[in-house]
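K.L.:
Chains A and B supply the protein sequences, listed in that same order. Counting from 2, one number per residue, gives the positions in the first sequence under my numbering. Counting from 986, one number per residue, gives the positions in the second sequence under my numbering.
Think of the hints as simulated: they come from the structure by calculation, not from any bench. Predicted, not measured: the structure shown is a model, and the values here were computed from it. Don't take each hint at face value.
Here are the computed lysine to aspartate or glutamate pairs in the DMTMM-like style, where the Cα-Cα straight-line distance is at most 25 Å [what the hints assert, rightly or not]:
1) A:Lys-234 <-> A:Glu-247
2) B:Lys-1106 <-> A:Asp-65
3) A:Lys-244 <-> A:Asp-65
4) A:Lys-109 <-> A:Asp-174
5) B:Lys-1106 <-> A:Glu-178
6) A:Lys-109 <-> A:Asp-57
7) A:Lys-244 <-> A:Glu-24
8) B:Lys-1172 <-> B:Glu-1205
9) B:Lys-1109 <-> A:Glu-180
Rough simulated footprint, nothing fancy, chain B against chain A, three-plus residues with beta-carbon under 8 Å [said to hold, decoys possible]:
10) 168 to 182
11) 185 to 193
No residue lacks a Cβ here, since even glycine has one placed at the ideal position from N, Cα and C.
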Amino acid sequence: MSLVAQVDRATRPASGRGRRPGELTGGAALGLGVGVLWLSLLVLLPVAAIVSTAFDDGLGGFWDAVTDPEALAAIRFTVGAAAFVTLVNAVVGTLIAWVLVRDRFPGKRVLEVVIDIPFALPTIVAGLVLITLYGPSGPFGINLVGTRAGVVLALLFVTLPFVVRSVQPVLIDADREVEQAAASLGASGFTIFRRVILPTVTPAVVSGAALSFARALGEFGSVILISANLIGKTQVSSSYILKMIESQETVSAAAVATLLLVVAVVVLVVLDVLQRRTARRG
Amino acid sequence: MSRTTTPAHRPDALAGGPSGIVVRGVHRRFGDFVALEDVDLEVRPGGLTALLGPSGGGKSTLLRIIAGLDHPDSGSVEIGGRDATFLPPQRRSVGFVFQHYAAFTHLTTARNVAFGLEIRKRPKAEVRDRVAELLELVHLEHLADRLPSQLSGGQRQRMALARALAVQPEVLLLDEPFGALDAQVRKELRDWLRRLHDEVHVTTLFVTHDQEEALEVADEIVVINDGRIEQVGTPGELYDHPANPFVMSFLGPVTRLGGALVRPHDIEVLTDDRAGAVRVEVTRLLRVGYEVRAETRADDGSTPWVQLTRAQVTELGLVEGRTVWLRPLVDTPFPAAGLPADASGPVAGPAAGCPDRVPA
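Based on the provided sequences and hints, a complete structural model is requested.
P.N.:
And the structure:
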């Protein structure tokens, strides 16, 4: 727990009289301490354990684990599907949020509730529902079991609310007079959307998309049934990791998990940078 | 800054030709609430006109209808001699300034001002020169690269004004432009707007509920109440010859003397009884800065008050508890009936004879 020790040292009251600017008060120091401890026990410690396990057999062991053809196929598919789902969500989620905030139509309240169902439903139930509807005996005659489209569908289902729910409050708070000002300056509807509304909602879209990507990367319950877990085709990383754990190959499981972690962190950082840049440029 | 192009000329444009505003028979309802009822208005080109009235009186609705941000249920709007009733806001050639600035928060001051020019795809050099010129006009050249969040309220409103002027609108509409600012800044911006208008000469219509602001800044005042125009005139005309009790009481202080409405500075105080005078007892002398408010009580129970100078008080030897006689110095065309706390005394319309004593 060297981090906690560092924080502790940094927040210890100075020996001299008075407090220098930037120094924490007793209450704030306690709050920070609790926060860091909590985060350490819940997140940092397990993550550190996984990363360390991944390198139990050295760098070579890690490399062998992640370059195993089956692992590589699962990782490629998972990251690709997550990226695709995130892009779709960014567009469709913003559209749905727009409709919910700006339009009036019967059944709007119902739609509001429906949006949150993917959050509330246990993911395995979501998977069951999807194979009932889009399985071999589904009412539409569309069988997506064992197809990549089926996996993407399941991921779209569970990640739907993220962008909608992050963009909605921003649109509610958006000052309509700003759009009217743009209109009276001669801006067309499309120009107003591109130059006034989009810069306002972009940070929310990006943060919703980031959450949606992270969720899709680790999704297990909803995809496991519809994917049929076909190796090299529809097997996702989380399912591959489970398989490794069940076959006592802890290092392989931890290595793939670590790689996914790195991908997630990189994507989150890139999105954050992107967001700051667009927010500045408009 | 003067416009070089003359809009299509119409021989029958009643508002004097180019760049005026003509509103005819405009009705606007929101559900059961009638915001505007059969409003006719002509705004002279090149003038600075105030739409004055209490909140909820329909003045902002009228301004938004002229800008195309709201639509009349019936009636027509002409801008610069062209029928604009069915034009979208983009094509009305109006600049609109909102009470709460409506700044583009993600753009710098300069980019805010440049917005209208950039979407018109004007050459970069032209945009840069014009923005520099406008920022100088509104004294914000040193803050060109700041974001709106880094500006004060007054600075933001000046930026919004520059942004509206950038596209050279035929008319400039301001909706309570200083309403969100504190008293000191309001006063400064008021003077500044007056001077800016003298420089730019664009037809300007601004909404305010502050009579002092309207009297100080405008060439012409349109008083609106309950969705109707009560009176149109110069500040002097409206103050001295109000068309009805509402305009009289909205434009300045009024008090009730002998059942009639009169301005408290248009009352002479007499130490003996004369024709048309009302006997009162001085109940309180209140000094407010350079003036003294003499509160009195008449025999009929009404409580007129008089605005005096300290010299007058000394000269008359006024003290609390003393009995004096009050007489209006001007005609009092309106009985005080209908106003709250009315004493409902007889209407004391004095003869047109000139008062023999005028407060110095």
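K.L.:
Against which earlier hints does the structure fall short, listed by number upward?
P.N.:
As far as the earlier hints go, 2, 6 and 7 are violated by this structure, in ascending order.
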